[in-house]
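Just need the whole structure built from these sequences, with the hints factored in.
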Amino acid sequence: MSAEFQQKIRTTLADANLQLAIYTATGRLKAARVATVAPDVLPDYQELRTQANALKRHAIENLDHYLEQFEANVEARGGHVVWCKDATEVADFVLSLAKEKGAHLIVKSKSMTTEEVDLNERVEHHGLESVETDLGEYIMQLAHERPYHIVAPALHKTRYQVADVFTERLHIPRETEPEKQTMIARATLREKFLAADIGISGANFLVADSGAIVLVENEGNARLTTSAPKIHIAIAGIEKIIPRAQDLAVFLKLLARSATGQPLSVYTSFLSGPRREDKGEIDGPDEFYVVLLDNGRTRLLPDRGKRQSLYCIRCGACLNTCPVYRKIGGHSFPWVYSGPIGAILTPQFMGISHEPALPFASSLCGACGEVCPVKIEIPKLLLELRSDVKKSEAREKQNRWERLAFQAFAWLMTHPRIYELAGRMASAAAPSADGGWIRHVPQAMNFGPVKAWLEERDLPPPPARSFREMWRRR
Amino acid sequence: MSRENILHRVRTGIGRGAADAPAAPPPVRLRVPEADREARIASLLARVEALAAMAVRNADPAGVVAELIAGKTSVASNAPFLAECGLTAIPGVRSGITDRDELRALCATADCGITSADYALADTGSLVMIASPQEARLISLLPPMHIAVVPAERILTGLDELFTLLPNPAEITSSMVIITGPSRTADIEQILVRGVHGPGKLAVIVAG
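Residue numbers (the working numbering), protein chains in the order written: chain P, 1 to 474; chain Y, 475 to 682.
By construction, these hints were calculated from the structure, which means they are not laboratory data.
Where is the CB? At the ideal position from N, CA and C, for every residue including glycine.
Mixed in with the good hints there might be a few duds.
Examples of chain P residues lying across from chain Y (beta carbon under 10 Å, computed) [to be verified]:
1. Ile9
2. Asp64
3. Glu75
4. Arg77
5. Leu155
6. Glu277
Quick list of in silico lysine to any residue cross-link-like pairs, SDA-like style, CA-CA up to 20 Å [claimed, not checked]:
7. P:Lys180 x Y:Arg483
8. P:Lys85 x Y:Asp575
9. P:Lys230 x Y:Ala579
10. P:Lys101 x P:Leu128
11. P:Lys279 x Y:Ile604
12. P:Lys85 x P:Ser96
13. Y:Lys675 x Y:Ala582
14. P:Lys230 x Y:Thr572
15. P:Lys375 x P:Glu61
16. P:Lys279 x Y:Asp573
17. P:Lys279 x Y:Asp575
18. P:Lys230 x Y:Asp575
19. P:Lys85 x Y:Asn479
20. P:Lys327 x Y:Glu663
21. P:Lys327 x Y:Gln664
22. Y:Lys675 x P:Ile184
23. P:Lys85 x Y:Asp573
24. P:Lys375 x P:Thr36
DEER-style ranges, computed between Cβ atoms [what the hints assert, rightly or not]:
25. Y:Asp575 x P:Leu170: 26 to 32 Å
26. Y:Asp575 x P:Ile172: 28 to 34 Å
27. P:Glu75 x Y:Ala516: 41 to 47 Å
28. Y:Glu508 x P:Leu170: 51 to 57 Å
29. Y:Ala513 x P:Leu194: 39 to 45 Å
30. P:Glu75 x Y:Glu558: 35 to 41 Å
The structure is reproduced here in C-alpha cells:
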C-alpha cells in the first residue's frame, strides 16, 4: 500500500464530521434506491437488470459497428464526430475549436469523462474560462478539489465549508443557508450560461440508431449547457454506446433509481445534432460535436471477463452500499473513480502498479455486485485483479533475485583471485554425482532460484582440476 | 488519425473484422400496460403532485392559468393548442415569437413560461417536450416557473409507450426532453432545494 493511500485513509477515518457526512449521505441514497427498486414498486427490476446487461454486452461485443453507425447518424443530422485517443487530443480539439470560433467562455455540465482528462485545467492553461455548472461540481471547482462521489460531488462538504468557499472565491458576504447558497450559485451561473460561447457536456448514453446523446440530470444545468451557447460539445467514452433509442426504456428505468432513488431524474435530454433551422426549430445550438474518447478503454477489450467493467453507467450505487467506501470516502481513492467501480476501473485504466493495494481495499461482501443495475460482477473482477497484482509482484520479486545474481556474478568475474577461490570451494562442496550428473543438492541449498533451476536441469559434476590449475601445471 | 487507430484497437480487442456483420441485438423490450383515459389522468396528477408540483384537471385551462400568472410576465410557446384554449389572449402573455435572440431575451426575464407538452407519462408524472416550431427549448427552462397544459388524450402510460410511438425521436427533432418535476439539487448536505437552474415551480394542467 502506498504511503499516500494509507495517509488519506487515516485522515478520513480520524475526521468524525467527515465520517458522519459520508455515512449519512450514502445511507440516504442507499435507502432511496432500495425503496424504488422494491418488488412491489418495480416488479420487473431483476428482468430489467438482465436485459441491461445483455444490451451492454452486445454493444461492447459489436462496438466498432455501433460506433460507426453512431458516427454516420450524427453526421446525417448535421453534427460532427471527433475521435480522441487521450486527454491531450481532447484538449487540443476544444482549444482549436475555441480559437477558430473566437470563444472565451465555456460552461460545463457534470461529466466524469472530462474529470478523467482534466479538461478544465488544460483549457484554462490556455487562457479560456471553463465553468462547472452542476452545483456540487461548481463548489468543487471553486475549492480546487476533485469530485468526492460519482453522483454527489460535494457530499463531504458541510454548509459552513461551502460558505467559506463562496466567501473566499466569490467575494460575497458569508451565507450558511443551503437554500440561499443554491440561489447564489443560480444567479452567478445564470450569467455565465447566457454569456457562454461553448457548452461542454458528457453523455450518459450514445444512441447508435439515432446519432443522439442522452443526458440525465436534476438541476437543469445540462439543459442550459446544451441549449444556451451556440456550440455544444459532448465528450463521451466509447463504451457509452447502446444500440437503439428503444433500449432507453430499459436503462432509464434503472439509472435514476440506482443513483438517487428517483423513478426518473428531473431532466432526461435526448439530443441529436444542432437545431434544425430548416425545420423551423426556434432555439438550440448551431453546432454539435461529439467527442468519442478512448483514453485506455480499448485496453480493457481483449479480456473477455474484465471487459464487463465497461458496462458501467456511473450510477454510484456500488459506492453507497460499499462498507469500505462508506468509511474511507472518495478522496482516498487514487483516481477520479472511487468506490468498488473505481477499484476495478483504476487498475485497468492506469495499470495495476498505480496503486497495487486498491483491489484489496474491499471486504468482498458482494454488495456492489448485487446493486449494480447492469450486473457487473465487481467482486469477481476484484479477485481477478488481486491475482494480477500478486502475479506482477512475483515477477518483480523474481526479477530482483535475478538482478542480484547477475551483479554478484559480474563482481566475481572481475576479481580473478576470488573467482578461483570460489571455484575451489564450489568443487569441494559439490554434492556427489548420480550417474555422471548432479541431480540433487542438500536440502539447505535447495531453495528459491536454485530449486527452480534444478527442477528443470541437471548439473555436470565439477572437474577434478580447474582450467587455471591445468594451465599453471602445463 | 485517431479514428482508424481507435477502430483498429476496438476490432483487435473484440476480435471482429471490419467487414463482419454484427450479431443480432437482444430483442427490444417494451411493454405497454392497459390503462384507460381516466386511469392515466388520475395517475399523472397523483405523480405530479408527489413531485411537489401543482397538478390540476380543468376543462377551462385558461381560467386556471390566468389566476396563476396574474401580475406576472409570461412567455407562451407557439403550440396551437395554447391558442385554442385561449391562453395566448391572457394579458401579460407574449406569444408567437420565432426569433431565437428575441425569445432568449424574453425567457431570461419572464416570470413564467407556458407550454403545451407533446406527451405526458402517467406512471412517472413526466412531460415530454419535443423541440419544434411550436415548442422552443428555453421556455420550459429559463423562467422560474413553468406551466404546461396537456391535452388529456396525450397522456401515455410510461416510457415503454413513448418509445413504442417514437422508436427513433431523432427523426423528428434535435431535442426531446422528459421533464419529471421541478428543477432540484441536494448537493449541499443532501438538503433538497428546488429551482437551482431550471424552474423551481411547475404546474401541470390537464385540459379536459
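Taking the hints in turn, this is what the structure says about them:
| no. | hint | result |
| --- | --- | --- |
| 1 | Ile9 | violated (24 Å) |
| 2 | Asp64 | holds (5 Å) |
| 3 | Glu75 | violated (12 Å) |
| 4 | Arg77 | holds (6 Å) |
| 5 | Leu155 | holds (8 Å) |
| 6 | Glu277 | holds (9 Å) |
| 7 | P:Lys180 x Y:Arg483 | violated (50 Å) |
| 8 | P:Lys85 x Y:Asp575 | violated (37 Å) |
| 9 | P:Lys230 x Y:Ala579 | holds (15 Å) |
| 10 | P:Lys101 x P:Leu128 | holds (13 Å) |
| 11 | P:Lys279 x Y:Ile604 | holds (13 Å) |
| 12 | P:Lys85 x P:Ser96 | holds (16 Å) |
| 13 | Y:Lys675 x Y:Ala582 | holds (16 Å) |
| 14 | P:Lys230 x Y:Thr572 | holds (17 Å) |
| 15 | P:Lys375 x P:Glu61 | holds (16 Å) |
| 16 | P:Lys279 x Y:Asp573 | holds (14 Å) |
| 17 | P:Lys279 x Y:Asp575 | holds (18 Å) |
| 18 | P:Lys230 x Y:Asp575 | holds (11 Å) |
| 19 | P:Lys85 x Y:Asn479 | holds (8 Å) |
| 20 | P:Lys327 x Y:Glu663 | holds (17 Å) |
| 21 | P:Lys327 x Y:Gln664 | holds (18 Å) |
| 22 | Y:Lys675 x P:Ile184 | holds (18 Å) |
| 23 | P:Lys85 x Y:Asp573 | violated (40 Å) |
| 24 | P:Lys375 x P:Thr36 | holds (17 Å) |
| 25 | Y:Asp575 x P:Leu170: 26 to 32 Å | holds (29 Å) |
| 26 | Y:Asp575 x P:Ile172: 28 to 34 Å | holds (31 Å) |
| 27 | P:Glu75 x Y:Ala516: 41 to 47 Å | holds (45 Å) |
| 28 | Y:Glu508 x P:Leu170: 51 to 57 Å | holds (54 Å) |
| 29 | Y:Ala513 x P:Leu194: 39 to 45 Å | holds (43 Å) |
| 30 | P:Glu75 x Y:Glu558: 35 to 41 Å | holds (39 Å) |
Violated hints, listed in ascending order, are 1, 3, 7, 8 and 23; each of the other numbered hints is respected by the structure.
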